[in-house]
Each structure stands twice: as C-alpha cells, then as structure tokens.
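Now for the letters of each chain:
Protein chains: 6
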Amino acid sequence: MSDGRLLYLNENSRKFAGFNKEKSPFVIIGIPMDITSSYRPGSRFAPSSIRESAQYIEFYSIRNDVDMGEIGFNDVGDIILHPSNVEENLSRISSVISYFQESGKITISIGGEHTITAGIIKGTKREGLCLVSFDAHLDLRDEYMGYRYDHACVMRRISEYGVKIIEVGTRAVSKEEIEYAKQKGILFFTPQQIRLLGVKETARRIITSTQECKSLYISVDMDGIDPAYAPGVATPEPDGLDPTNLLDIINLIADKRVIGFDIVEVSPSYDTSGITSVLASRIILETAATVYKARSL
Amino acid sequence: MSDGRLLYLNENSRKFAGFNKEKSPFVIIGIPMDITSSYRPGSRFAPSSIRESAQYIEFYSIRNDVDMGEIGFNDVGDIILHPSNVEENLSRISSVISYFQESGKITISIGGEHTITAGIIKGTKREGLCLVSFDAHLDLRDEYMGYRYDHACVMRRISEYGVKIIEVGTRAVSKEEIEYAKQKGILFFTPQQIRLLGVKETARRIITSTQECKSLYISVDMDGIDPAYAPGVATPEPDGLDPTNLLDIINLIADKRVIGFDIVEVSPSYDTSGITSVLASRIILETAATVYKARSL
Amino acid sequence: MSDGRLLYLNENSRKFAGFNKEKSPFVIIGIPMDITSSYRPGSRFAPSSIRESAQYIEFYSIRNDVDMGEIGFNDVGDIILHPSNVEENLSRISSVISYFQESGKITISIGGEHTITAGIIKGTKREGLCLVSFDAHLDLRDEYMGYRYDHACVMRRISEYGVKIIEVGTRAVSKEEIEYAKQKGILFFTPQQIRLLGVKETARRIITSTQECKSLYISVDMDGIDPAYAPGVATPEPDGLDPTNLLDIINLIADKRVIGFDIVEVSPSYDTSGITSVLASRIILETAATVYKARSL
Amino acid sequence: MSDGRLLYLNENSRKFAGFNKEKSPFVIIGIPMDITSSYRPGSRFAPSSIRESAQYIEFYSIRNDVDMGEIGFNDVGDIILHPSNVEENLSRISSVISYFQESGKITISIGGEHTITAGIIKGTKREGLCLVSFDAHLDLRDEYMGYRYDHACVMRRISEYGVKIIEVGTRAVSKEEIEYAKQKGILFFTPQQIRLLGVKETARRIITSTQECKSLYISVDMDGIDPAYAPGVATPEPDGLDPTNLLDIINLIADKRVIGFDIVEVSPSYDTSGITSVLASRIILETAATVYKARSL
Amino acid sequence: MSDGRLLYLNENSRKFAGFNKEKSPFVIIGIPMDITSSYRPGSRFAPSSIRESAQYIEFYSIRNDVDMGEIGFNDVGDIILHPSNVEENLSRISSVISYFQESGKITISIGGEHTITAGIIKGTKREGLCLVSFDAHLDLRDEYMGYRYDHACVMRRISEYGVKIIEVGTRAVSKEEIEYAKQKGILFFTPQQIRLLGVKETARRIITSTQECKSLYISVDMDGIDPAYAPGVATPEPDGLDPTNLLDIINLIADKRVIGFDIVEVSPSYDTSGITSVLASRIILETAATVYKARSL
Amino acid sequence: MSDGRLLYLNENSRKFAGFNKEKSPFVIIGIPMDITSSYRPGSRFAPSSIRESAQYIEFYSIRNDVDMGEIGFNDVGDIILHPSNVEENLSRISSVISYFQESGKITISIGGEHTITAGIIKGTKREGLCLVSFDAHLDLRDEYMGYRYDHACVMRRISEYGVKIIEVGTRAVSKEEIEYAKQKGILFFTPQQIRLLGVKETARRIITSTQECKSLYISVDMDGIDPAYAPGVATPEPDGLDPTNLLDIINLIADKRVIGFDIVEVSPSYDTSGITSVLASRIILETAATVYKARSL
Ligand SMILES: [Mn+2]
Ligand SMILES: [Mn+2]
Ligand SMILES: [Mn+2]
Ligand SMILES: [Mn+2]
Ligand SMILES: [Mn+2]
Ligand SMILES: [Mn+2]
Ligand SMILES: [Mn+2]
Ligand SMILES: [Mn+2]
Ligand SMILES: [Mn+2]
Ligand SMILES: [Mn+2]
Ligand SMILES: [Mn+2]
Ligand SMILES: [Mn+2]
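Chains as they are written, first to last, in this note's numbering: chain A, 1 to 297; chain B, 1 to 297; chain C, 1 to 297; chain D, 1 to 297; chain E, 1 to 297; chain F, 1 to 297.
Calculated directly from the structure, the hints in this document are not laboratory data.
A portion of the hints provided could be inaccurate.
Intra- or inter-copy, both count: the list cannot distinguish identical chains.
[What the hints assert, rightly or not] 25 Å max Cα-Cα, derived SDA-like pairs, lysine to any residue: (1) Lys293 - Glu212; (2) Lys175 - Asn64; (3) Lys293 - Gly146; (4) Lys200 - Ile62.
Remember, it's a predicted structure, so these values are computed and weren't measured experimentally.
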C-alpha cells in the first residue's frame, strides 16, 4: 500500500480480533485522536481496547444470520496523529479515508473523539451523502471555547459541508443547538420520543428522511447509549438509548448505500469493567453484518 | 449571612457546576454526614463529587423546556458535622434548613446518608407536609442495632413527626416494616407494581394521595434506582427503578407546593465510572426545572 | 459429616450471610474452580464475594411472601480443588453433590466457571432430569482448543449424559452450536425472542417443554444477564436479559421438582462496583424462596 | 465461651488464614469500628480483607526461624458494634479484651480505626503498662471537632489513663501535639530521625525507655508506613517508614512482656492492589513469631 | 483583581485546603492544561485533586519548624484554557504569572502537563533566572512528532529563552538530549549518581552551580519520583527518586531567591489510591515552608 | 518461519513497543499461560500489557550506554496454549524455545505464570546451564495440592533436570523448601542478607558461584521485587527487593553466556496504576542492553 495518502498510516498495531483479511469489503482504521475532549480524556486508548475486546466475542450475527468470522475484516492499523493540531489531523484522516473509499472499501473507523468524523467526511464523496449520528449531544455548536473544531461542533461543521444530518439519542443540548437544528431542518430524536414512537416507527421516519440520499454514513458516539450500558465514555449522559434499540434501528436503516461508519468517544480508563469496549465491538460486528447482508441481496 | 443558624455552614466548598447565583430560588446545601451506613461508606464525598460532575452536564431541560443555566443555583456550601454524634448533626441540619426555607428558598440538600432527611424535616414547617421518598428500602425500622437514628430508621422517625409518607421503588424490606407501613397507611410502590401500573397511573395514585398536602418534600435515596444505573450507592439492591421512570414520575408529581428535595446515599468510592454522580446531577437539574416551571405557571 | 464423599469439603470458609442453619432444606456449596476461562479469570473468588455481599441484603422475598431469614441456609463450605486437573475436580464435585442430594437437600452451588455444572450433574440422579440454563452462550461446542471439558462445552457434555436441556438468553454462538441444538432438539430463547414473546409466554413454553421431567435443575451463568446489570463476569456479552425478566421466569418455572441450582461465571475482579455479586445473592435468595414456597404448597 | 463479657462477640466471621487453633497463645479479634475517620472510611472492611490475604502468605518466619503455621492462631471472630456510639463500643471492646487477657492469651486486634486502642487499653491491666505506637500522627489532640474519642485523640486518652507512650514514625502533627508530647515526656521518633540514628540505635532507645515497664503493648497504625508500601489507609502521609525498618524495630523491641498488639487504619477500598492487607498479615505473622520466640527462651 | 492580565482567571474553583488568605506571600494557581501528553492523559484533573487531598494533611512542617497553617495560601483559581491551542495557552499563563510576580507574590502553579512551565517562564523576569527541574526526562527535544511545544520539549524551549537549567532525577532520555545537554552545559543528575553522591553532595553541587543566579525557579515533574511513591503520573518511569531525597534536596537548595515553583504531570485517573496527590500537597507545603523560612531569616 | 516447532506460534499479536526487527539478536515470545496460580490470576494478560507499556519508554540505557532503539527486538508473537493441560503446554513452549535458541537468538519470554520456565529450560541445551532466579519464593516444593507442575514447584523440577540454581530475593518459604535448598546446595539470598552484604558483594558471590557455568539463564519472577514497586503480581510478598538493586545485580552478573531470560507472574488486573508492566519493560530493556554490551566486548 504505497499510495501517498497512506503516509501517516501505522500498520503495526494490534488487529481487530486478530483479523487481517485483505479481501474483506470492510477496512478497520484506528484514529486515536484525543485532543479536545473537555471532560474525561482517554479516547486515544479506544482503538487498542476495542480491538482487544473483539478477541473474545463470537462473530456469528444471529440478527442477520451472517457469519462475520468468515467474511472477516482488513485491519489496516492506526493513523499517526499530531499531538495538538486538530486541523492537520483532520487532513491526515481525510487522506486515508479517501484512499480506502476509492478502493471500494467500507471504512470502519474507531475513534478517538467525535471530531474525527469531520475528517472522515472530508475524505468522502459528499454528493448525496446523508449521515445518521447516534449521540446524546447535537454537536451543533458553532464554536466551543473559541474553537471551531471541538468535538461539540463536529455536526455543525459537517452540516456546513452540505451533508444531510439526522441525530438519534439527543438529550443534552443547548438552546442554540436546538434552534440551529430546527432552522436547518436537522431531524433529531430524543430517547423519550423513541420510547413513544417505538423502534420501528423511529426507523421508518429515518428511512423516509434518507430516501433521496445516494450514500449513507453512520456515526456512533457511544454516549448516545445510556451510561449503564456504556459507562466508559468521555461525557456520560443519563436517560439514554439502550443498546438493543440502537442495534435494532441500525438493523432497520442500514442498507447497501452505507459507505462507512464509526464508533467514537469510548474512554477505556473509565470503562472499569470493560463492558463499553465489548459493546463497541458488538456494534461493529452487527453493523457490518447488516451492511454485508444488504449488499448481498 | 450572619444568622446564628448558619454557624455550622462552611461556604468555602466547591460550587455546584460553579453556580453561585444569589437570586436563584434554589439553594444547594452539602450535608456530608456518613456515620451510620452499615455497608459501604463514603457518602461524605458525594457533595463534592456531584458538584464536580455537574460541571459537565448541559443545563437545558428538554423535558420542561426550561434553561436552568439561566435560572442558576445558589450553592451556599457544606454543613460542618460532628464526627459521631448523629443527633447533634440533625440539629445543625435543622437550623440551616429552617433559615433558608424561612427565606423563601427551595432547598436542595446533597447527602450524605439518608438520616439527614430527618434533620431536614425537623427544620421544616410540618403542618400539612407530605414526603415522597424514592428508595429500595422502607427505612421504617424502629431501631437498628439498638439505635434509633440509623439510616434504616429515617422514615419511621419522620412518620412519627406526623408527616405523611409515600415510598416509591420499595423492594428490600423486613416483614416488620411492611406491617408497620400497612398499619400506618404508608403507601408504597414496588418496581414490579410500577411496571404493571405504568408510570402515569403510579403518578396519578401519588397525586391523589397528596391532594390534601399543603407542602411537598421529595427525597431521592439513590438506591431506589437499579444498580446498573446507580452502582455507586451505599446499599445496592437489584431489580430497581430505571432513571427514566423516576424522572417521569417526579415530572408528573412535583408542583408548586414543593419546598425542597434531597439526593442521598451516593457513595463515590463505589461509583467507579462516575455515572451515579452524573445521574444525581441530572436528577437535581430536572427536578429543579420541573418545580421552576410549576411555580411559573 | 464423615462420609467419604466429603473428603474434599473445607468447612472453614466464610458463610453465606453468616448462615449455618443445619436444618434448612438448602445446602450452599462453594466451588471456586477457575481453570478453563479463556477471557477474564477470577471466578475462584466468587464464592467468597457472593457470600460477603449476602450479608447486606434483606432476606424477605416480596415476590413470594417468604422470609428466607427464618428458613435459612446450611452453608457447608468450599470444595478443595486440584490446580489444573478439571476431570479430577468434576469427580470431587460429583461426590459432594451426590452426598447432599441423597440426604434430601436442595443444593445451591456457587461457582467458579460453568464447567462445574458437569460435575454437579454427574453427582445427580439423572433419570428424568431436565436442566434450564440461563446463558449468553449455548456452551454446546464439542471441544474448545482441543479440550472437551472447557466451560464452552459444558452443555454438550451434559446433553451427552442424556439430560434434556433448555437454554435462555442465548446470543453469542457459533454456527455449529446452533446446528447441534436444532439437531438434538435443544430449545433456546434469545433475548430478542423473549422481548417479543413476553416473560409469561416464554415461561409457558419452558413449562410445556419440561412437563415430562421428573426433576429440574437450574443453572445461572451470570453472563446470560446484560453486562449493565452484571458487569463482573468472565465473558460479558451485550444485548442480554434484564434481571427482572430472569427473576420472573424463574419464579414462573421453578416448582417442587427443583433439586438444585447454581450461579456461575461471576468474576469479582471485574465487578468494580460489586453489583454483580449482590445480584447473584438476590437470585439465590429469590430462587430458594420460590422453591421453598412450591414445596410448601 | 459463655462469659458475659463475650456477649458482643460474633464467632461466625471468616478466620485468619483459616486458623481456628484453640490452644494457640494468640487470639485474633476483629474490631471493625469505622465511625470517626475524617478522610477515607472503610476500615470496617479491614478485618475481613486482612484475614483473606493471610490465606496466601507463607507462615514460616525466616527472621525468627519460627513456623507460625505450627503454632497457629485462635481467631475468635468480630466484635459486634453500635453504629455510632463510640464510647459504648470502647466498652464492648474492653470487655472482650479483658476476658482473653485474663485467660492468659496474647490478643491480636485487627481494626477498624485507631480509636479502638483506647478500648483495648481500657480492658488491659494498666499497672506498669507501656505502649509503643507506630503512626504518622501523634494522636495527642485533646479533642477533634469537639469530640474527645476521635481517632486523632486516642493516644491522648491512653496517656491520661497513665500508660507510658512511645511513638514511632511521627511526621504529621499540630504544634499543640508536639508541645503536649514534650510536656508529658512522650518520646517520639520521626522517620528522618530514624534514618539518621539507624534502626538499631532507634530500637536501643526504645528498649532503654521501656526498661521499667511490666508489660508492653504494640499498636501499628498502618499510616506509620510510607504510602508506597501501605496505600490503603484512611490518612496516607508521605515520607514514612519502610516496612523493613518497622519489622526490624519490632523484632528488636518485642519481648516476653508483650501482652497484645493491634493493626489499625487499613482501608481496603483504597488498597487497590491489595498490598496493604498483605503487609498487615505479614506484620501480624512476624510480630507473633517474635513474641513466641521471646516467650520460648 | 481587575488587571487585564487576569481575563482568563476563573476564581470559582475549589480552594487548596480551603485556603483563601489574601495576605499570604504564596499564590496558588491551577493550570489544567492537558493537550500534548502522549501516554496517559488526565493532568487536567490534578489541580482539583491536589487541592482536595490538601484538606487532609497537617500544615505544620517539622523539617522547617514552620506552621504553614498560620501563613496560609492565596488560592486565586484556575486559568481558563483553549481546548487545543498550546501557544495561546502559554500566553494566557504568561499574563497571569507576570501579574502575580509583579505583585511580589511567590507563585505556586499546579499543572497540567509540563509544557505549562514554558508559559510560566515567559511571564517571569528572566535576567539571571535559573531553573531546577526534578524530572525523569530531560525534556530537551527540539520537537516531538513535528511539534515544538510538546511536554517533551519544554526544557529545550526554556533553555532557548536563556534560562540556566539544572535537572535532577534524569533517567529516561534519548541520545540526542544527552548530547544537547552536554553541548549546552546543562547539568543533570541521575538517581544512580544521587545515590552515589548522597543528598548533601548533590545539593552542594546544585548550590554551587546556581551561585550566580539572581532568582530561582523550581519545577517538579512528579515523574521524577519513583512510581512506587507517585504512580499517578502521565509517564511513569522506574528507578527514580524517593520523596525523602527530593524533599531533602529542595530543603537544602531553596532560598530567598525562589520566585515560584510548580508541580506538574500528576494524572489522578491513574492515582488509584490517591497517594500521588497527597504527595504533591506535601511537596507544596514543604517547599513553601522552606522558602518562607529562608525569607524570614 | 515454517519449522514444525513453530506450529503453536501465533504471530499476529501486538508487538513489543512496535518492534519487529528480524535481525535483532533478541527474540521476544509471549507465553500467556495462567493455569496454576493459586491466588490472583491474570498473568495471561501480561504479554499484551507489557508490550503496550513498552511503547512509552525510552530505549536508551544510561546504565550501559547502549541505544536499544537501534538494536531492536524481534517480537515473534505468542504461543497458543491448551486451556488446562500444563504438561502439553510445557512441551509447546519447549519446541518454540529450542527453535530460536538453535537459531542463535537470545530468547526473552514474557509470562504467564512461573511454570513456563520449566518449559523454556526443557527446550534449552542444559549441559553446563545455570539459572539465576529473582523470586520471593523458592518454588522448590515437590508438589502443591497433589500437582508437580504448579508454579510453586518450578525450581524443583528445573533442579531435577540437573540445572544449577541460585535464588535472589527469597523471603516466603516453607521449612521443607529451605531444607531441600540446603541439601541440594541451592544458594539463596534473602533481601535482608542483600541489604547487609550490599549489591556488589551479593553479585560477587553469584559470579563466583556461576564461574563454571557454560551458559546462563535469568528468570525474573516479578514478586521478587517489593510490592510497592510491583503491586501487580499474582502473589505479592512484602519486604522485597527494590528495582534498583535488582537492575544493579543483573547488570553485574549478566555476561555473554546469557542465552535467554524471562519475566513472569505479572498480573495486570492488579496493576491498577500500570507501574508493574512499565517496570517489566524497563527490566527487559536493561537486561537486553547489558547482554548486548557484554557480547560486543
Ligand atoms: Mn458527539
Ligand atoms: Mn456525545
Ligand atoms: Mn433510605
Ligand atoms: Mn435505601
Ligand atoms: Mn456458560
Ligand atoms: Mn456464558
Ligand atoms: Mn493513629
Ligand atoms: Mn495515623
Ligand atoms: Mn517533564
Ligand atoms: Mn517527565
Ligand atoms: Mn516463582
Ligand atoms: Mn514468586
């Protein structure tokens, strides 16, 4: 892999469940950027921690009747990052992602802070692109403490790139973000609404809203899930999604248009029983299985 | 603040989310009493831990469409406590509470062990007062190991003061407590009953039962919540309430009669991922927002 | 107790909640075998940890209106185990169990890894015996890494003994295990199915399926429960049972035919807030209360 | 053991390394009193934690060439304590201690907070009694926060009983305590002095100072040791003794006059690697071996 | 305090041991910058953690016979920092420091990462300034991963400002750093050399080397100390200083020329028993006491 | 690498500090065997944990003036192990070791429990082989709980192979082991003796005792070191070696005859601050640097 865009790719990391299957349609990329998190740092350790926990899960998806153990993953390693320059890092991420997406791969990015999604989208063909983000927060601030590339601003930046955004799990917001969302027509679902609507109706509304999209990207900020299930995150926020609902929604909305997804904001130092990393592995597995099945049909 | 009743108030503590808004209707008081807990001590650290976690939450309440960031809180500090004399401490608590309630403030007390609620109620005008307590336990023992001011006896003492008590989340009880509750007409709801009745019917029954009350007090023993969501408590008890239901019930029953509430029994040493303190902060925020809205109507 | 089968029983352990009631119908046996766990070891500490947590729970079962504090338990201590010879250990377990079951006792075994259940069943009269296992895994592999007495093979071994098996909570499986289960008519319920069917219908199907059984054995691999509620297990697996459902199902299916049950795979080192051990204590208490009540009718 | 003084003795606890040897000259008593600790609570769990860690150490003392595994210990259980009444508890402790000392036993008390030593001394024949205390603190305050039976006052109380006191490891003191010590002729050694004098000269001075004593009591507040070696204590204080020096000093000063000793202030919740409890076990073992050998000569 | 240089000072933090004594010669400033740490993040929490641990230590210095409880500290709060712009932050730090040093105060800065020392020195009158740094590392790299303001480069930057540097505790270095140190005449002492020379001779050499200095600054990177005593640091490095030696050296070299000092690189998330924060508090106390005494003579 | 002896070598593990230098004289092999540990399990995670911590240390050895960053290591991966069959595993270890030693490599084995050393020695040419073991225990039992391949028996087995053994750090022993050692002429040094003799004299005696040896093997059971420095071990034992002395002794005794060494008994679950793994990395680095330098002369 000698393309110039891979200059900052370090292939020597631990592999996701030991997988190194070059022919797999799924490429795994670790992006341990952990600079702007305001509360609990440590997402830099998430790629390593999630890869390790993946060693102990079963790779057969009952939900999809797909054996991901056979399909495998191509874990290409971690992106090497600048210690403090976020914009430089977004540019490195963008290069690596564009390389793999042009190679026809579905990219699975393991953060790192949510900000990385801006870099991923920069590296993605954005015409007709829609993004579904699971998150407790809207991340729609224009700036945070004077800075426009904070994790609290990432969906604002992506929205400015012209990507259509739908947010699921919303519950910790500022008034300004809600107003921006309404003004820009950004659909969001609070956990309370999802409990009222049910998983199927929620999924139906997302499907309707993404009907025109040419490609889909899914971003899973693990704080979208309730802290009981995902305690090891940078910014835990009570009253969240339960993992079953998240997996069910992804199962219903992900189809062959999905060009990539990410799992961000896991902070292993606060994941004292390791259950957040295991859950992240399981979400990767089930999302990949759903996409694989959708593409096979 | 030179009233004699504030002799034991130490104003120099960390502030709840940095709030120090003197004009706020909400006064926050730390009461780190941690003497009689029989199992896992450490509730003495809860005021500090909950105040810190509050720094990282959003202060806008979607449930109530109220921005508590604007209304703010007046964090007046911690009560200085005697190392072992519970009755002396209840008297100190009573003085501070009576001062602030007479000043027209809604007091938010952060425990410490549940015993503090006896001191709070002592400092409260009790005519027509009703108390709704969320708790895994009834706390209706006459004495515990020969002692009448243990946290396992607090609702018995308050009941003896003539306050009407309703308990929510009950599941770890002795036979004697159930008999006492039945004999005294103390209504209680087990999580199983709440699942059967639903949140709305549960709330309706509590509302009916408190119709005659002139003022309301809410006590949240965090062990009322299931340990998955609130692991950092002195006495975890499985098969409990989920936070959404607790927040929904408070949202339905709290009205302008609420003169104060407390959050007790958080034990930060056992809250290894910090999620119990964050949840306590969120309960404070949502309860205050509900009360604020009710008073504004 | 001088029967030769008790040669390897060490009576000097800590007692379950301090109970030592010889006349109780319930015998508690610690079996700290912790050899084949592939992921997170430490189930050797579970008997001690669960016994300690039991000191702090209330022994009155609201579900059954039975006061287990009065009935009590006869905690006979731990089985002394060989450091690495699993088959030798299964034989020791078998001896101890057969002694107490022949004495007419209901045995409550606290593991240790799931493999111990093979030893228990070896020591049990197997004619007409049926086993209901709560587990994330099917444990139906023929061998694991070349070994036939691994915890991942335990239900396969027991199935080979001619015992009818029903599994509840299944979600992490290999394709081979599913095929074996189907071929042998082993009924299993995924959490998704249980959510669809509801607890009552699930229980009804288990009851139907066990109608012909002469005796019942219940095995609770704590990883059957969702990691939010039981983080301290050897192999956490997301998207699991919630404890309320598990307790409700046991409450519906356990009757006077139950001759014993076990709690296995708790790994206290990963139970950072101690909630898994408390839950295990509560499951022991409620299951015993249900069985006691069934036998009293 | 039906003496009235044993009313509050609960024999059903876990045993120290499983020992229950009635003929041993050494009696072990757990005293889990944990009421007045101002900083990090949890010494209530120390008797259980130290007893468990003792299961894994070797019982042969190289220092003394004595096999304590042969001599054994008679672990008689824990004293049952009042939840908040310190003085009542000191009286219970006093009764139990006086019973065993009158029976000619050497009592090894495992705290709990340092305050228990006042109860132990109350139960001891005090004529000609001298006490050597290893502690970072002098514990010579007259009162602490208005209370005279706080752990910070224990040596003051014992000094008032007329017992001669020598303190070793002193480094965290108030000016008043130093003045009191000087005025009353209470000898104390800071770690700096011990480094200058050397272990042998320090021991020589203690021996000279205790020459007239008829009986000796040794109290080991684990915070006397440096927090690197004993992190799990209620009040860690840097720049302390290393365990080798403490063991060497005890080895030199303990002789046949020793009528008992205690280990206090271990707080297992803060002993994250368990090394403080193991060290406490080792100190118990070595001190007992030294005393045993001295009595055998 | 309305000087423009205090724009980014947030006065509302928790106070060091509750101290707020405006007349004290010692100003405490929290600088929670935590951006470039390559290994274990979390130094952002150190100011809060160290301030809390200070509540529980005694303020009398036996080493200096000075009661710091009487002299007190003026804790002015934390500097508000940009999420990722290190240079902007160094400029904010520089402003605050210059204000307090011009006011004649001795500044005690609590980091945050070591990089903050560059900001502090920028805000300091540098003519004749010498800096003594306790550190496992030389921090003399020209750049780290392409960045010149990394914590691994801080002494290189300060050296470029023309400040004379002496390093103590050196043991984890690159060859380039050693060569740079030799070339620039930067004196450094490895722990091995200090063991050979002894504390007094080491101090004598430092005193000789700083004889011409007009003012002194002391920087304590807590990783200079051995990880046994200071486990909670960003980059633990074995074979280090013991705290007694560090305190003794500071005691010998600090005199009335000291214009400030800092404690950096504490990472509370890894300080599982809290002993690193307590040690940091004790170093602050003893260093201040030494400086106070030197200025009083 | 297609030699049959490498059948059980899994090359896909994380690399030691990312090193994969095939030409290095040093081969690193992970041997995560964790079956017979009687106390605190988890050494199975040590190879992964030590490799990760190595990423953050400097590779220049001041002690030896050797830059191991240039020389590098060839990390060949982990040995795949049977879940419970110790003897089978020793045979797999023996095969892999014999392959690399025949290839002229110096093998650095990262355990796993101490038992692995028996497998390593089985794979080593034993004529004239001497082994220096750093350990709190003698590991000279004939059997432990009926089993001859327990970690408490490993030096007994190796002694029976005819290898000369010297033990350093001995302090937790049974009387039988001491007698066996004396009878077989196995030299051992307690930490007390080493403090008396000094490091140089201790080393001199070891050198004298190994003068006739044709090749040397060094085994570092991390519990040889004091638990303050190495808390994360299976069996912590107070009053141990400090790491400086251990590194100094290795530095003095290791010469060009060294054909391999191992680091065993690290238990990362108990290494809450990670300092044990960092220390293990540093010991590997310094030992390799010493051997490299000795071979270069
Ligand atoms: Mn986000
Ligand atoms: Mn978020
Ligand atoms: Mn309560
Ligand atoms: Mn309660
Ligand atoms: Mn199982
Ligand atoms: Mn399982
Ligand atoms: Mn003390
Ligand atoms: Mn003390
Ligand atoms: Mn530094
Ligand atoms: Mn450093
Ligand atoms: Mn060993
Ligand atoms: Mn050992």
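Results of checking the hints against the structure:
{"no.": "1", "hint": "Lys293 - Glu212", "in the structure": "within (21 Å within a copy, 41 Å between copies)"}
{"no.": "2", "hint": "Lys175 - Asn64", "in the structure": "between (40 Å within a copy, 12 Å between copies)"}
{"no.": "3", "hint": "Lys293 - Gly146", "in the structure": "neither (44 Å within a copy, 32 Å between copies)"}
{"no.": "4", "hint": "Lys200 - Ile62", "in the structure": "both (19 Å within a copy, 23 Å between copies)"}
In summary, the structure is inconsistent with hint 3 from the numbered list given earlier, while agreeing with all the others.
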